[in-house]
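Order-wise, the sequence lines are chains A and B.
Going by the working numbering, the first residue of the first sequence is number 96, and it counts up by one from there.
Going by the working numbering, the first residue of the second sequence is number 9, and it counts up by one from there.
Hints were generated in silico from the structure; no laboratory data involved.
Everything numeric in this text was worked out from a predicted model, so none of it was measured.
Some hints here could point you the wrong way.
Distance condition first, Cα-Cα at most 27 Å in a straight line; then the derived DSSO-like pairs of lysine-lysine [stated by the list, open to error]:
1) B:Lys79 - B:Lys60
2) A:Lys216 - B:Lys128
3) A:Lys207 - B:Lys60
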Amino acid sequence: MTSSLVFRVFGTNVGLPKTQSHIKTGTIEEYLEDRMFIRFAQPVFRTETKSPVESMIDDMFPSPFGRSSFPAVDVVEIEAEFELVAEMPGLKKEDVKISVEDRTLTLSGERKHSGFPDGTKIILHETQTHPFNRSFELPEEIDTNRIAAELKDGILRIRLPKVEKVKPQEIRIS
Amino acid sequence: MAKKNEVALIRRGETALVRRADPKEELITAVCDIFEMPDAFVVKLDMPGSSKEGVSVTVESDILTVRGMVKSLHRETVSMLMREIVALSYYRVFNLGKGLNADRTQAEFEDGVLTLTIPKADNYKERRISIS
Chain A
96 MTSSLVFRVF GTNVGLPKTQ SHIKTGTIEE YLEDRMFIRF AQPVFRTETK
146 SPVESMIDDM FPSPFGRSSF PAVDVVEIEA EFELVAEMPG LKKEDVKISV
196 EDRTLTLSGE RKHSGFPDGT KIILHETQTH PFNRSFELPE EIDTNRIAAE
246 LKDGILRIRL PKVEKVKPQE IRIS
Chain B
9 MAKKNEVALI RRGETALVRR ADPKEELITA VCDIFEMPDA FVVKLDMPGS
59 SKEGVSVTVE SDILTVRGMV KSLHRETVSM LMREIVALSY YRVFNLGKGL
109 NADRTQAEFE DGVLTLTIPK ADNYKERRIS IS
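When you get a sec, could you build the whole thing from the sequences and use the hints?
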């Protein structure tokens, strides 16, 4: 991450939804190239809801009503498994629903604000509180029966173990 | 800019590069909600990935500074297939006006959200400006 990104974030992002902080500085060509690379470099875990072009347009013209693809997600590959990490600040276990159908994993839910007495005034509202729904296409090699999830400090981690390969069996000669 | 004693203000943003401790440190602005209750202001900052131990809140005269350190989300030896999370440390500065009891600020960290409750001082009152 370059310092120019940080400057961009500080220079202009004050008070705007977080989606702005994903914008990098540089020419439009560089930006597009970067986006293209990211999109096409991920044959697995493609999100189903938007085409690359739609996502690109959304990123270039962020909605004033918040981030278009909430929650932000990282996917990593560790030897025997994949891990999907999603940012979910302020969400409880009960607020998030994870479902797997065929090879599609869907994250949905809604952040709830509660516990304020009547007469509370909202002075500033920047966080995302709309219901969200995001789908990911899982690669074939995932064992969907062993998927496990954990939510801690606003970070959701979904472990997606790969199917255990059948070990070659040795047959002894009697 | 004239500051009237009885006016409490939490101004939007006020995030400044000059207050960075380490020039190499990379920080992002924490997104926040501010609510006004009858006796206090409640500030809720989103800091996913930070922890109770990693958060620091300081009050220096009228300036309230919030930091949330984020440890790396992933182990070193992984390959990234998709990257959207900007896993940098959080930072935000609020300029508090008079009329708040900033010394009695209560902080709580839960589910990646830092909640600050800043009580109003006894002499706090909203000042109406009449239009002549």
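Okay, the hints, checked on the actual structure:
1. B:Lys79 - B:Lys60: holds (12 Å)
2. A:Lys216 - B:Lys128: holds (14 Å)
3. A:Lys207 - B:Lys60: Given that 27 Å is the threshold and the Cα spacing comes to 21 Å, the pair holds.
Violation of the numbered hints given earlier is absent; every hint is satisfied by the structure.
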